[in-house]
Amino acid sequence: MKYIREFRDGNLAQKLAKAIRQEADPDRRYHLMEFCGGHTHAIFRYGVQDLVPENVEYVHGPGCPVCVLPVRRLDDAVELALTQNVILTTYGDMMRVPGTKQKSLIRAKAEGADIRMVYSTQDALKIARENPDRQVVFFAIGFETTTPPTAVAILQARAEGLRNFSVFCNHVLTPPAIAHIVNAPSEPGEDPVRIDGFLGPSHVSSVIGWASYEPAARDFRKPVVIAGFEPLDVMQSTLMLIRQINEGRHVVENQYTRVVTKEGNRKAQALAAEVLELRKVFEWRGLGYVPDSALRIREAFAEFDAEKRFALSPKESREVKSCECPAILRGVKKPTECKLFGTVCTPDNPMGACMVSSEGACAAYWTYGRKREAVLAAKGAAA
Amino acid sequence: MKYIREFRDGNLAQKLAKAIRQEADPDRRYHLMEFCGGHTHAIFRYGVQDLVPENVEYVHGPGCPVCVLPVRRLDDAVELALTQNVILTTYGDMMRVPGTKQKSLIRAKAEGADIRMVYSTQDALKIARENPDRQVVFFAIGFETTTPPTAVAILQARAEGLRNFSVFCNHVLTPPAIAHIVNAPSEPGEDPVRIDGFLGPSHVSSVIGWASYEPAARDFRKPVVIAGFEPLDVMQSTLMLIRQINEGRHVVENQYTRVVTKEGNRKAQALAAEVLELRKVFEWRGLGYVPDSALRIREAFAEFDAEKRFALSPKESREVKSCECPAILRGVKKPTECKLFGTVCTPDNPMGACMVSSEGACAAYWTYGRKREAVLAAKGAAA
Amino acid sequence: MCLAIPARVVSIDDDAMATVALEGIRKPVSTALLDEVAVGDYVLVHVGYALHKLSEEEAERTLRLMAEAGVLAEELEEMAGEGAEAGA
Amino acid sequence: MCLAIPARVVSIDDDAMATVALEGIRKPVSTALLDEVAVGDYVLVHVGYALHKLSEEEAERTLRLMAEAGVLAEELEEMAGEGAEAGA
Amino acid sequence: MTSMDTQTRFRTGAVDMTHGGGGRAMTELIKDLFHRHLKNPILDQGHDAAVFDAPPGRLVMSTDAHVISPLFFPGGDIGALSVHGTLNDIAMAGAKPLSLTASFILEEGFPLADLERIVMSMARTAREAGVPVVSGDTKVVEKGKGDGVFITTAGVGVLPEGVTISPAAAKPGQAVLLSGTIGDHGVAILSKRENLEFETELRSDSAALHGLVADMIAAVPGIAVLRDPTRGGLATALNEIAHASGAGVLLQEEAIPVAPDVEGACELLGLDPLYVANEGKLVCICEAADAGRLLEVMRSHPLGRQAARIGEIVEDPDHMVIMQTAFGGARVVDWLSGEQLPRIC
Amino acid sequence: MTSMDTQTRFRTGAVDMTHGGGGRAMTELIKDLFHRHLKNPILDQGHDAAVFDAPPGRLVMSTDAHVISPLFFPGGDIGALSVHGTLNDIAMAGAKPLSLTASFILEEGFPLADLERIVMSMARTAREAGVPVVSGDTKVVEKGKGDGVFITTAGVGVLPEGVTISPAAAKPGQAVLLSGTIGDHGVAILSKRENLEFETELRSDSAALHGLVADMIAAVPGIAVLRDPTRGGLATALNEIAHASGAGVLLQEEAIPVAPDVEGACELLGLDPLYVANEGKLVCICEAADAGRLLEVMRSHPLGRQAARIGEIVEDPDHMVIMQTAFGGARVVDWLSGEQLPRIC
Ligand code: SF4
Ligand code: SF4
Ligand SMILES: [Mg+2]
Ligand SMILES: [Mg+2]
Ligand SMILES: [Mg+2]
Ligand SMILES: [Mg+2]
Ligand SMILES: [Mg+2]
Ligand SMILES: [Mg+2]
Ligand SMILES: [Mg+2]
Ligand SMILES: [Mg+2]
Ligand SMILES: [Mg+2]
Ligand SMILES: [Mg+2]
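Chains as they are written, first to last, in the working numbering: chain S, 192 to 574; chain P, 192 to 574; chain Z, 27 to 114; chain B, 27 to 114; chain F, 12 to 356; chain G, 12 to 356.
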């Protein structure tokens with residue numbers, strides 16, 4: 192596992208930990224938002240928090256496409272699958288996310304809907320080819336990383352004349368989300384979000400390039416470090432952010448140079464732009480309606496747009512009332528501050544998307560972070 | 192089981208046996224063709240042969256709708272089911288009949304065809320109602336008894352506007368078959384059929400009336416006794432035939448007066464005639480092409496005619512070469528004269544329809560009549 | 027061919043249907059093929075349809091005829107036996 | 027988000043596809059998003075697509091920087107330790 | 012808060028793929044459903060395998076998969092049936108059943124309420140039979156790859172000294188006994204089949220026969236053959252015995268008890284009761300001299316009230332089953348060819 | 012000409028409903044396929060239940076349904092797996108397996124050639140394991156109500172005096188041993204799943220562990236816990252042990268052997284090897300003092316060459332499984348929530 196295992200090395204981690212301790216000013220706190228669930232996952236999976244000083248605090252951001260999908264869009268997908276006799280294809284991540292009344296795709300499947308997990312848009316195309324007398328819908332989610340494969344599939348479907356394939360497009364964009372978070376007024380009664388810097392998206396940046404975050408860094412005067420998803424990447428980026436904060440700088444720096452360039456992947460950008468265009472506004476779970484924050488299928492490809500091909504009923508979608516996902520996605524609350532966490536809401540019986548996605552903050556807290564005292568006690572006992 | 196059990200009474204059977212022995216002239220043989228498989232079944236199921244004298248011989252006739260269906264029509268049904276994505280409904284009797292290359296409906300079903308056994312045409316309609324987006328075909332077989340229910344189903348489908356229902360019509364008529372048998376020249380090398388009288392159809396006659404057989408009896412100078420299907424009915428009818436033969440008469444007599452009248456069921460006849468009309472000619476297995484011997488759906492009901500709705504490919508249908516079904520159906524050979532009987536051809540691995548239908552002569556010989564010596568030996572041993 | 031069995035009508039239902047009984051079995055059948063049918067009638071049931079009414083008098087008469095043929099035969103046989111004896 | 031993993035290209039196949047290897051695992055991936063790709067390249071694989079090439083030099087450089095940061099920190103810590111001692 | 016604090020939702024829920032994934036949902040289902048209802052000290056060990064003491068004697072083991080439709084029918088359900096089925100196969104060797112295992116294959120979407128009803132019925136049946144379900148397994152298959160629920164049970168029993176019961180032991184001259192009416196189970200099931208629906212008060216005879224068998228063996232330890240005529244009915248059971256023993260069977264039609272509704276349904280559908288399934292009847296073959304005594308014992312047990320002597324074993328090099336008809340003739344009672352299907356001619 | 016002279020057509024045929032109807036086609040299938048390949052004196056009794064002698068000792072019984080897709084995979088097939096699965100559950104109680112039963116649920120249309128291949132593989136596996144299949148059952152379900160073939164096996168074993176192995180027996184201070192690499196079976200299966208296809212030389216570890224277990228018990232009769240980490244993987248097995256015993260488990264990530272291909276596949280698909288299934292591995296918990304001795308015994312058995320000590324049992328009122336990461340942190344290794352699905356984020 193070249194270029195993977197090296198970046199999980201325990202010795203280097205100890206060295207970086209020392210460097211962070213050296214650089215971090217004990218008299219101040221560092222609130223670092225890891226925008227991406229990938230970072231959240233790495234922090235908990237490898238125990239990065241155990242290696243940084245107490246005054247360096249990671250704040251979980253909205254960078255999990257599963258978590259930010261509004262319930263209504265999921266309900267639409269469930270409706271498509273249950274009432275329109277389509278084959279609904281989707282990434283495994285979406286299967287267990289609860290919609291209104293806890294109805295997930297996996298439950299819809301148990302009720303008889305034909306829902307198939309795919310690993311790639313290529314698989315969705317294959318299913319469409321193999322089932323010419325069924326409508327096959329690809330339920331597309333994801334940030335800029337996952338968008339180009341959707342565009343390629345649509346272009347391929349058109350080239351092949353696949354008339355039974357369409358896409359239910361839910362792709363969203365990261366820079367507007369970052370801007371929205373730094374810019375958003377807090378809700379009544381809510382503490383304002385304190386963020387001193389951002390661990391910036393890694394794989395999104397490989398497509399759109401790190402320069403995409405320069406306006407945000409400049410306008411909101413927050414340092415951004417584009418950070419890889421391996422635990423050493425997170426630690427090195429933490430160090431770089433601490434240095435910028437200490438020095439009062441607020442620029443975009445790139446830690447993840449082995450993959451991310453300033454301009455990103457131009458070909459992927461062009462393919463996505465050929466098929467998809469900006470939505471004027473799109474709802475994000477937790478953030479509300481964010482302007483220019485999502486993509487839809489261009490008119491020229493209307494025949495591949497499931498929203499146009501199928502009439503979906505307007506619906507009253509409802510999230511679980513006490514679920515704090517929205518506040519958690521804005522970085523205002525921690526999972527442990529949700530009163531459903533760990534009692535009513537667990538990964539087996541999730542009340543919100545943040546508890547389902549392996550990148551959701553609640554799932555990460557539950558799976559890796561819950562009861563750290565017990566962890567530490569156990570370590571003590573074993574020592 | 193009123194009006195059933197009385198007609199299976201062992202004491203009365205002994206009495207009738209005596210009467211038959213009395214009437215039968217020991218110096219001549221009586222060749223009685225039981226036209227219907229129902230008679231064949233009763234003769235073997237109850238051991239009627241054990242009760243009549245050796246010189247009274249039952250010759251099995253073609254009165255089994257499963258047995259006389261030509262292989263090509265069955266192959267058509269298999270094709271419909273396998274290639275046209277229809278739900279093919281049919282009576283249980285047809286499921287195991289081998290078509291070309293031994294392909295039966297039950298094998299087609301195992302290959303994935305959607306074939307459903309029904310007990311009544313009403314069930315076929317119900318399946319059509321419950322599956323509005325599938326084409327439902329009823330594979331109709333049977334003589335005049337089974338024809339009116341098919342006609343009723345078509346009328347009902349029209350009344351309800353059921354657009355996904357159609358009938359693959361294979362209904363055949365008994366009087367032309369009887370005429371054909373008595374009239375047919377024997378095949379080269381074949382002994383001519385010797386028939387002294389007919390046990391006439393019982394339930395067919397309840398619909399068409401016993402008078403329908405008067406032309407045959409008169410023209411061919413053969414006595415006909417309309418005989419019920421219970422074993423006492425068969426015995427009494429045997430007695431009546433022996434009397435006619437002894438007396439040199441050849442009229443239609445009605446033993447089955449509790450159900451059969453001279454004119455039959457006029458309403459059933461009218462309903463059938465409204466929907467169905469004579470085919471100029473139809474192939475019977477064993478008999479070949481018999482003029483005016485079958486029914487098809489009238490032009491006015493063309494939309495319910497599966498032969499018009501679906502394009503069926505012309506096919507090379509083939510029966511198993513050495514299968515003697517045709518000769519057996521003409522009454523020229525006995526099952527035990529077929530060299531496949533009991534070796535290659537058994538009910539588990541039938542080579543011809545006569546081995547499948549519980550009314551087929553080969554099946555009756557196998558199931559009830561095989562190795563009568565063993566039976567008698569066993570009886571002796573137990574006595 | 028044409029498996030059909032007599033059963034007693036126990037109720038006349040909607041839509042040209044009736045319920046017939048055979049021992050404890052009750053089954054709905056179509057009466058679309060009959061002009062008239064009443065509770066208590068015996069009808070011949072085939073593929074879920076009542077095909078014809080059964081005449082109870084004729085049934086009894088048939089059974090009588092069967093018994094008589096037997097009686098006649100027995101008498102004849104006795105006579106034949108006597109004749110045989112006489113001939114012996 | 028965006029699970030993606032570097033894997034080595036082991037063959038260039040038809041139809042804008044290539045085969046990548048990760049340990050003994052070989053998997054076909056689409057190269058539709060890359061301008062050029064060659065056997066031996068490391069590419070970042072996401073949902074069955076090669077998303078970007080990985081720069082091996084940059085990877086080495088990053089690891090070097092990490093090690094250096096650590097060394098620097100150790101030196102600083104030693105110095106701090108001395109300072110603390112000195113101050114005691 | 013422990014790591015096991017969620018609850019399976021029986022009232023409204025349905026089986027989904029997570030119930031088979033080996034994770035917590037599955038563990039919960041096993042705890043809340045199977046362990047709760049089937050509770051006994053051996054099952055409570057909570058191991059993948061159950062440990063228990065056995066009395067001395069040869070062991071007897073059997074298994075049956077149950078795939079019945081409908082799952083609930085007059086006189087029983089798949090849960091009770093799956094217990095009876097295996098207990099009876101063990102009893103037919105003359106053994107006393109000791110313990111059962113139960114393995115479930117659930118189809119995605121199957122209502123948990125139905126599953127609970129089935130498991131409760133299993134539990135009741137096992138309790139009444141005095142045989143614990145000691146170990147189990149659950150798998151979930153995708154919708155369209157199963158049929159609600161399949162249950163496979165296996166059982167172990169112990170065989171008393173001196174008992175040797177085997178289908179091969181039938182010998183000419185022995186008597187053939189039957190414990191009661193035939194075809195009740197099959198007709199009860201047919202009455203609920205879609206497209207065949209008819210009404211009847213008839214109930215499946217599904218029952219555990221080891222109590223009856225124990226009484227019979229106590230009276231006549233030298234019983235030659237026991238067999239439960241399940242799938243394929245009496246005709247199949249007797250053909251199997253004839254085939255295994257090399258002898259023939261001669262039946263008396265008049266002696267075979269058939270419930271009126273079974274006769275009626277068979278006439279309507281064109282079936283032969285000899286081939287219709289039973290789930291609480293047994294065929295016993297014994298020395299002719301013991302037949303009277305055994306019939307007496309059988310008739311004094313609730314499951315043998317209508318026991319009858321229906322025929323005898325005869326010499327027959329072709330080992331066929333022959334029946335003398337009530338009508339006065341004779342017929343071969345052959346193996347069934349394929350399934351018996353309702354027919355029109 | 013006897014009444015049993017037809018022949019099942021294995022080369023070209025497919026299962027149809029007649030193979031389950033209880034008639035001759037079924038009897039032929041059982042004779043030509045199951046009895047032919049699985050042949051042994053006990054099965055040859057031809058009874059619905061098998062009779063056999065058992066050595067003295069407590070009995071152990073277990074069952075598992077096998078519903079795997081694909082049916083044939085690198086390193087095994089459903090036939091071999093269904094034998095290994097139940098033998099291993101019996102072995103995990105410390106018992107010597109005596110006999111197996113096998114119950115088949117066949118889907119209409121399933122190729123007889125595939126069925127024969129599966130039964131031959133079962134037969135070979137049972138022979139190699141030295142444990143006969145003594146009784147069986149076959150049912151056929153309609154197309155669309157099954158998935159080719161499901162096999163449920165059950166087994167009986169006998170437990171030597173003085174051995175008491177139970178998941179509840181784990182105690183703080185004891186060592187946790189693992190017999191080899193994790194995840195091989197699950198990844199081998201995934202590699203053949205439609206829509207995931209990837210190539211690997213990796214083979215399922217499917218194997219019968221009772222030989223290894225016998226060696227281990229001979230060396231250390233006081234083993235506390237044995238468990239085969241099948242569905243849900245190592246993480247689930249350890250959570251079950253923690254749950255049953257009320258203790259906690261502390262693992263060392265570095266000590267857990269994982270084959271490179273398993274690591275690679277898991278990275279690609281977003282899975283965690285700790286949750287991926289094994290079919291030929293065992294977890295053993297024993298006194299710390301016995302760990303070295305046991306490891307030695309395990310490593311000298313072909314199925315334990317890569318055995319390792321991976322952690323210990325610790326006090327933990329919440330009975331959690333905690334892992335010290337190679338990176339230097341710690342994480343909870345929780346129960347699996349539902350199935351592990353390949354994911355994109
Ligand atoms: S713990 Fe559950 S309910 Fe609470 S915020 Fe997280 S997902 Fe929502
Ligand atoms: S025995 Fe078979 S092959 Fe011979 S005539 Fe009868 S059906 Fe045909
Ligand atoms: Mg059994
Ligand atoms: Mg059984
Ligand atoms: Mg049995
Ligand atoms: Mg199990
Ligand atoms: Mg189903
Ligand atoms: Mg088990
Ligand atoms: Mg197991
Ligand atoms: Mg196990
Ligand atoms: Mg069985
Ligand atoms: Mg299937």
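Among these hints, one or two may not hold up.
As the list claims (entries may be wrong) - Result set (DSS-like, lysine-lysine): computed pairs, CA atoms no more than 30 Å apart in a straight line: (1) LYS154/F <-> LYS317/P; (2) LYS42/G <-> LYS156/F; (3) LYS524/S <-> LYS499/S; (4) LYS154/G <-> LYS317/P; (5) LYS156/F <-> LYS203/G; (6) LYS193/S <-> LYS499/S; (7) LYS317/P <-> LYS203/F.
To be verified - Simulated coverage check for chain G against chain P, where a stretch passes if three residues somewhere in it have a Cβ under 8 Å from a Cβ of chain P: (8) 19-27; (9) 30-38.
Hint data in this document are derived by calculation from the structure and do not stem from the laboratory.
We treat Cβ as the ideally placed atom computed from N, Cα and C, and that holds for glycine.
### Query
What hint numbers does the structure not satisfy?
Hints 3 and 6 contradicted; others consistent.
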